[in-house]
Amino acid sequence: MSALLRAEQISKAFGGVQALSDCTVEVERGSITGLIGPNGSGKTTLFNIITGYEHVDTGDVYADDRKITNARPERAFALGIGRTFQLTRIFPRLTVMENMLVASQHRGSGRWHSPLARAGGPADRRRAMELLEFTGIAGHATALADTLSYGQRKLLELSYVLVADPAIVLLDEPAGGVNPSLIQHIAAKIRELNARGTTFLIVEHNMDFVMGLCDRVTVLDYGTVVASGPPEIIRSDPRVLDAYLGTTEEDDDEPAQ
Amino acid sequence: MTPASLMAGPDLARPGRLQQATAWRAGGVLALLAAVALFPLVFTNALVTTIAVDTLIFVAAAAAWNIFSGYSGYISLGHAVFFGCGAYTVGIGARDWQLTGLSVFALLPLAAVVAAVVAVPFGLVALRVRRHTFVVVTIAVFFIFQLMAFNFSFTGGTTGVAAPFLVWNPGTYNDPFYYLALAIGVATIGLSWLIRGSRFGLQLRAIRDDEDRARGLGVRTMRVKLAAFMISAFVTGLLGGLWFYFITQVLPQSGFDPAFDLSVALMAFLGGLGTVSGPVLGALVLVPAQQYLTEQFTNDYLSQIVLGTLFLGVILLLPRGVIPTASEKITSWRARRSGRLAGQAAAATGLAAAPPGEPSAAAGPAGKESAR
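Chains as they are written, first to last, in the numbering used here: chain A, 1 to 257; chain B, 1 to 372.
It should be emphasised that the hints constitute simulated quantities derived from the structure, not laboratory data. Glycine is no exception: its CB is placed at the ideal position from the N, C-alpha and C atoms. It cannot be assumed that every hint is accurate.
[As the list claims (entries may be wrong)] Every beta carbon over 10 Å from chain B, so not counted as near; a handful from chain A, in silico:
hint : residue
1    : G30
2    : A119
3    : G151
[Said to hold, decoys possible] One side of the interface only, derived from the structure: several residues of chain B facing chain A at Cβ under 10 Å:
hint : residue
4    : R95
5    : D96
6    : W97
7    : A187
8    : S198
9    : G201
10   : L202
11   : Q203
12   : R205
13   : R213
14   : L217
15   : G274
16   : L316
17   : L317
18   : R334
19   : R336
With the rest of the complex left out, here is chain A (with noise of 0.2 Å):
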């Protein structure tokens, strides 16, 4: 097993609702791993209990085959598990840069920091820009980031995310709601970045954009995993077909193309 990070037969619940049962999905090492599936089927289930922000009611999540099951998730930060989430989650109040700077503490944190030095020496700061720049909104670096746009804070969320130098990104619908040249924009930071060694898992209801982009593509549906493989193999695969498009009762659950 040289999968950088493993879930193995997770079952979680919530109530009566099986979100995910008996659910294995495995990334490997340098790779784009897409997962998809209807809505409900249990996507961000299975990213809130990778990064710590949900209990497993059985199974368990490995990385670089440690056993990280239901690690806190600054815990699972710190062992390089980077996210962001599917309704983009920033820091309205900070500035652009001071965003950047709350996670940048993890960076050389094999000397000990005085709590009360200034935030962000200027290693920091060079590295954030840096990261800014990569995607491309340095220029608003001293704003509020509460003033970007929405694209712009998915942007962000990826930046920030970046900053600690995560071994594998779970990018939680890094395409919904942005306008097509910023979706390109986003694939060509991915994968640039991948090609740079970084390992990427992304949740993504935009077909052109996982098929497009990943390596290997597991599919999702009532908590379990009913294919996995090359998108073109996914691509015509009849179970994926039945799943993720629906045949009757499923209209509401259409990707948005």
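Guided by the hints, dock chain B onto chain A, whose structure is given.
Just chain B now, with coordinates in the frame of chain A:
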């Protein structure tokens, strides 16, 4: 605090302005400090200096409250617990160890430590819940402490604890209290300013904006919240001890006083929650106003009604407080003006104005938020 300090936002167009503004701000703070330090020498009327001591105690208390509640967004209405614990610590210590005169002041650090220690179990319980639930839990804990003060024998029950008689020159009786309260106030404001710009302060403000997101970026939220709660309690306990010796008596309803919680919260809200100078301004305005109303009308309830009305007015008209609103107004006014000036300059020299977000602008720590 001063007009200069309000206007000291980073001016992107002209870097020289930044140093000038910093110099103005430093000058303003020094002038204010000098004025406050000379105050008891000019005003020797005991009535006036008594109000001044009260004001300084609340300046420090509001600043301390703001270090926790203002920065983290967890609105505590239980800080009277720390104030009362500090007061009772000094009272009981002086009574049981038979301390008199100046030696009673030696108990102040103990009062602060006791309050900070009380903050640990209090925080571990209350900080598990957020927002309204947190407020309700702090009020509940507050009433538990008031009830304990009423019912334990070592707290003196309903008669409370009286301070040993202080034999001082009546003409300058208030002065030591004044300068001690001033020193605590200045230190607390300095600490608040340090924390605001620090890594610790940034983590607190990140918690205020989105606690779960902060956890997902590696912030150990419980540790950070509890540390801020303890720092806040430490200062509040210290002030409680000082207040006790100043008032010379503590009763369960005066040491653990719900009006204390409402007052410090109102001061911070009026001046600007989460700003360094806002709570200070709030206390400087509200305490003398409250005392004046009480003196004028002798009816305590009238001042309460006026305060309550003021509170509603603040929430309605200035929900973010005086300092943030004023600073925003000034910033936008200056931006308009400097934009016009830059436009003229560009027209004159044929050069474009510096684009926003150049590296020098990005190097400024926190933009307009930190300027307050």
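Hints versus structure:
At roughly 23 Å from the closest C-beta of chain B, the C-beta of G30/A stays outside 10 Å, upholding its exclusion from the interface. With a least beta-carbon separation of about 4 Å from chain B, A119/A fails to lie farther than 10 Å from that chain, contradicting its non-interface assignment. The Cβ of G151/A lies farther than 10 Å from every Cβ of chain B, with a closest approach of about 17 Å, so its non-interface assignment holds. The beta carbon of R95/B is not positioned within 10 Å of any beta carbon in chain A (closest approach about 37 Å), and the interface hint is therefore violated.
Interface restraint check for D96/B: the shortest CB-CB distance to chain A comes to about 36 Å, outside 10 Å, so the restraint is violated. Hint status for W97/B: violated, given a least beta-carbon distance of 34 Å to chain A, over 10 Å. Checking A187/B against chain A: minimum C-beta separation of about 13 Å lies over 10 Å; hint violated. Here the hint on S198/B is kept, as its CB sits about 5 Å from the closest CB of chain A, short of 10 Å.
Taking 10 Å as the C-beta cut-off, the interface hint given for G201/B holds, the closest approach to chain A being about 7 Å. About 4 Å separates the beta-carbon of L202/B from the nearest beta-carbon of chain A, less than 10 Å, and the hint is met. A cut of 10 Å between beta carbons decides the hint on Q203/B: the least distance to chain A is about 7 Å, and the hint holds. Interface hint status for R205/B: upheld, as the beta-carbon distance to the closest one in chain A is roughly 6 Å, under 10 Å.
With 10 Å as the threshold, the beta carbon of R213/B comes within range of chain A, its nearest partner Cβ sitting at about 4 Å, so the hint holds. At its closest, the beta carbon of L217/B sits 4 Å from a beta carbon of chain A; the interface hint therefore holds under the 10 Å criterion. Of the supplied interface hints, the one on G274/B holds, with its beta-carbon coming within about 8 Å of a beta-carbon of chain A, less than 10 Å. The closest approach between the C-beta of L316/B and any C-beta of chain A is roughly 21 Å, which is over the 10 Å cut-off, so the hint fails.
At a threshold of 10 Å, the smallest CB-CB gap from L317/B to chain A is about 20 Å, leaving the interface hint violated. Because the beta carbon of R334/B sits about 15 Å from the nearest beta carbon in chain A, more than 10 Å, this interface hint is broken. Violation of the interface hint for R336/B is found here, the shortest Cβ-Cβ separation to chain A being roughly 17 Å, above the 10 Å cut-off.
Checked against the numbered hints given earlier, the structure breaks hints 2, 4, 5, 6, 7, 16, 17, 18, 19 and satisfies all the rest.
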